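Student: As they're listed, the protein sequences go chains A and B. The numbers in the working numbering rise by one with no breaks, and the one at position 158 of the first sequence is 158. The numbers in the working numbering rise by one with no breaks, and the one at position 226 of the second sequence is 226.
Treat the hints loosely; a few may be bogus.
With a Cα cut of at most 27 Å, we get these calculated DSS-like pairs of lysine-lysine [to be verified]:
id, chain 1, residue 1, chain 2, residue 2
1, B, K222, A, K121
2, B, K222, A, K73
3, A, K92, B, K129
4, A, K92, B, K84
5, A, K68, B, K157
6, B, K277, B, K129
7, A, K68, B, K89
8, B, K157, B, K225
9, B, K225, A, K121
10, B, K130, B, K114
11, B, K129, B, K84
12, B, K260, A, K92
13, B, K242, A, K92
14, B, K129, B, K222
15, B, K89, B, K277
16, A, K92, B, K157
17, B, K222, B, K154
18, A, K68, B, K154
19, A, K315, A, K410
20, B, K93, A, K92
Worth flagging that the hints you see were computed from the coordinates, not collected in a lab. In this text the structure is predicted, and so the values were computed from the model without any measurement.
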Amino acid sequence: MRLFSKPLFKFFLFALVLATLSALLSPPQADALTVSSTTAQPNSTSSNSSAVIGGTPTRITWEGTVDKGEQVKSLDLVFPAGCSLADGADVKVTVLHGLDRMAYLEQDQLDAQHVSVDFAKAVPSGMLIRVEVHEISLPNVAGDYQLETNYTDANGKSAALGPTQNITVQTVSWSDQLSDWLSQQGWVQAWNSVLFLNIFFNPVQIVASLPQLFFGWLRSLGIVLIGFPIIAIPIGLLVSFLRMSKLKVLRFISSIYVNLIRGTPLFLQIYIFFFGLPYLGINIPNYVLSFLVMGLNSSAYLAEIFRGGIESINKGQFEAAASLGMSRMQTMFRVIIPQTVRRVIPTATSEFILLYKDTSLLAAVGVMEQMMFAKNIVASTGNMTPYIVSALYYLVVTLPLTRFSRNMEKRLADGEGGNEAKEKKHRLRALFTRKQEVAA
Amino acid sequence: MPTSSSRSKLILGIVLSCLLACALCLSGCGSSASNTDSNASSATDAQVHLVTPGTITVGSDCDYPPFIQMTKGQPNGFEYDLIKDVCDKLGYKLQYLNPQNFDSLIPAVASGTKMDIAISSFTINDERKKTIDFCIPYFDSNQACVVKDSSSYKTAKDLDGATVCAQSGTTGAQWVQENLPNATLQNLNNATDCMSALEANKVQACFIDQPTAAAYVAKQYKDCKVLQAIPTGEQYGFVISKSNPALKAQINQALVDLYKDGTAAKLFKQYFGNSIKPPVEMGELPTNAQEGSVQDL
Chain A
1 MRLFSKPLFK FFLFALVLAT LSALLSPPQA DALTVSSTTA QPNSTSSNSS AVIGGTPTRI
61 TWEGTVDKGE QVKSLDLVFP AGCSLADGAD VKVTVLHGLD RMAYLEQDQL DAQHVSVDFA
121 KAVPSGMLIR VEVHEISLPN VAGDYQLETN YTDANGKSAA LGPTQNITVQ TVSWSDQLSD
181 WLSQQGWVQA WNSVLFLNIF FNPVQIVASL PQLFFGWLRS LGIVLIGFPI IAIPIGLLVS
241 FLRMSKLKVL RFISSIYVNL IRGTPLFLQI YIFFFGLPYL GINIPNYVLS FLVMGLNSSA
301 YLAEIFRGGI ESINKGQFEA AASLGMSRMQ TMFRVIIPQT VRRVIPTATS EFILLYKDTS
361 LLAAVGVMEQ MMFAKNIVAS TGNMTPYIVS ALYYLVVTLP LTRFSRNMEK RLADGEGGNE
421 AKEKKHRLRA LFTRKQEVAA
Chain B
1 MPTSSSRSKL ILGIVLSCLL ACALCLSGCG SSASNTDSNA SSATDAQVHL VTPGTITVGS
61 DCDYPPFIQM TKGQPNGFEY DLIKDVCDKL GYKLQYLNPQ NFDSLIPAVA SGTKMDIAIS
121 SFTINDERKK TIDFCIPYFD SNQACVVKDS SSYKTAKDLD GATVCAQSGT TGAQWVQENL
181 PNATLQNLNN ATDCMSALEA NKVQACFIDQ PTAAAYVAKQ YKDCKVLQAI PTGEQYGFVI
241 SKSNPALKAQ INQALVDLYK DGTAAKLFKQ YFGNSIKPPV EMGELPTNAQ EGSVQDL
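With the hints as constraints, model all of the structure from the sequences given.
Tutor: This is the structure:
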């Protein structure tokens, strides 16, 4: 029995599918408003910079566009349950036509449950309405939250739009919690009322920036820990050999290398490497480039330190080695270099300290290192305390190293006894050939 | 060689003397900041505080055309002309400091020892208002996402996950953090560095204020384009210390006058053609211009 011919059946089936699809896809009624985005300003001081945390004041921004042929008279945005308002909470409404800011008188009401915005004159189609709620705290429970949008059009007809785009809230980290608690303490408020203490030693900022700067500290340290032994020491050694070579050409080339690098600021070299190289089609990731620039810069200084170290070895040792029948290479690697290592360790350590401190220059070209982390917090808070905290992090590395370098020097002086005069001369040379940093 | 106990004493001594030096410096600067200007006609009871008497000292990053830029060592641009007119009206001399880092300007104004106001296309917002005050808004602005001509991105939101840059401490940087949570943001010192990073393919896009972006792609960076203008309706204001309400009142009054008598309109025409108009509020006198608060009209 065939009720339908086959093509007819196919047609019906097709129509059915089409109807279902269109019913599913098209909204049940045309809305007068399209919500384009709902976001909350990242407010965490510790974890990553894009995190929104609960229980801490933030700014919620809601944006919606009035649809074609429609008008919006009032808006009502319902916050998720559990929001709270901090001191100074307020609403800012901006109406834009394209990029032009429009003047629309409005009245708003804000409480912890919702914000309602009533326009004196209905906002016509094509306008972007932007509602910012300042100093509002989202619930202190991790999860996704939405705002519900209700509106009335020019005829007074109200409608509800479903939940908006998610705002992902993370739980408060211990440092955020601690800094929040600190900011409410009486003694902290008294301390912060002194401008100097507030700007440089704000306890809230210290607690907030310590964990964040730790990651910056690791990165800065990483840059020198890779750049120094892998690039600076081998190249420095090579260049120091070239500087002492018998061939004039090699001596010439290596002296140009050393003088060029030591004669120009590291800051300039960083700019040339980071902004210049890409124009030549050489595109190296930022971190790799950091190791390279820092390593190459340091290699020139190290070359001079190594050369000084090697030349400070008594000439008699070369002659003695030769008389034992050692080749020049053998003499170098078996006799001279082992003695040089001892002598250059203090100065090379100072060079390492210098290089480590100079990683801060990389902040200027957007490498995320310690200085950059500190700068970001300072930029968003206007408080200098993160710089002080950052200084402490630098000192954690530099102070022990300085002591190490000083002790080594002392031991060297004691150990060489009779050679002390020569050692002093060596140190004197170090003063002139490098940026002076050795604790005398 | 000092022994370890004398060494720790030495360290303590250094720390203490540093603190003392800082405190002395601050108190010294503080007294110079409280020099009052007797010539200025004081609009309110409070006195006008100026770093240099008789002169308004302005800090800026001087790298944001067409608002402010350095040409042959001289600052010039819309903002320079505007503050020059304000100073002329109030009978002050104008002193521009050498270009500063944008993110150091607000702390500098807050400390009140280096500059009286900072003018560097500062968007008025609540975070900044916690530290400093703003004069009334003088300009309506928006954000823009700038990419290279060859870029395949369609909208700014596509850049979530890309490496982008913005000037440190700007509302553009904030926009990226808030709206592109998965993007890697590089905070650079100034707008030129941002564009250099873009030109060098270090980043896929840079976020700067729309008028400057338009000026850049039209003149200096012709192989870049504005991918998308992002309407934010933010407004610029001069940054001024909270402890200087008298100067703020004077500047606000001068601004209102300049916007009413058409002087500002001429500047808008000169620098922006007909593309950008003065803030709507400035057409008529805002009811509380004296307080300089920004109204939601």
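Student: Hints first: check each against the structure and report whether it holds.
Tutor: Checked hints:
no. : hint            : in the structure
1   : K222/B / K121/A : violated, 42 Å
2   : K222/B / K73/A  : violated, 43 Å
3   : K92/A / K129/B  : holds, 14 Å
4   : K92/A / K84/B   : violated, 31 Å
5   : K68/A / K157/B  : holds, 23 Å
6   : K277/B / K129/B : holds, 25 Å
7   : K68/A / K89/B   : violated, 47 Å
8   : K157/B / K225/B : holds, 16 Å
9   : K225/B / K121/A : violated, 37 Å
10  : K130/B / K114/B : holds, 20 Å
11  : K129/B / K84/B  : holds, 25 Å
12  : K260/B / K92/A  : holds, 25 Å
13  : K242/B / K92/A  : holds, 22 Å
14  : K129/B / K222/B : violated, 37 Å
15  : K89/B / K277/B  : holds, 22 Å
16  : K92/A / K157/B  : holds, 24 Å
17  : K222/B / K154/B : holds, 19 Å
18  : K68/A / K154/B  : holds, 23 Å
19  : K315/A / K410/A : holds, 24 Å
20  : K93/B / K92/A   : violated, 36 Å
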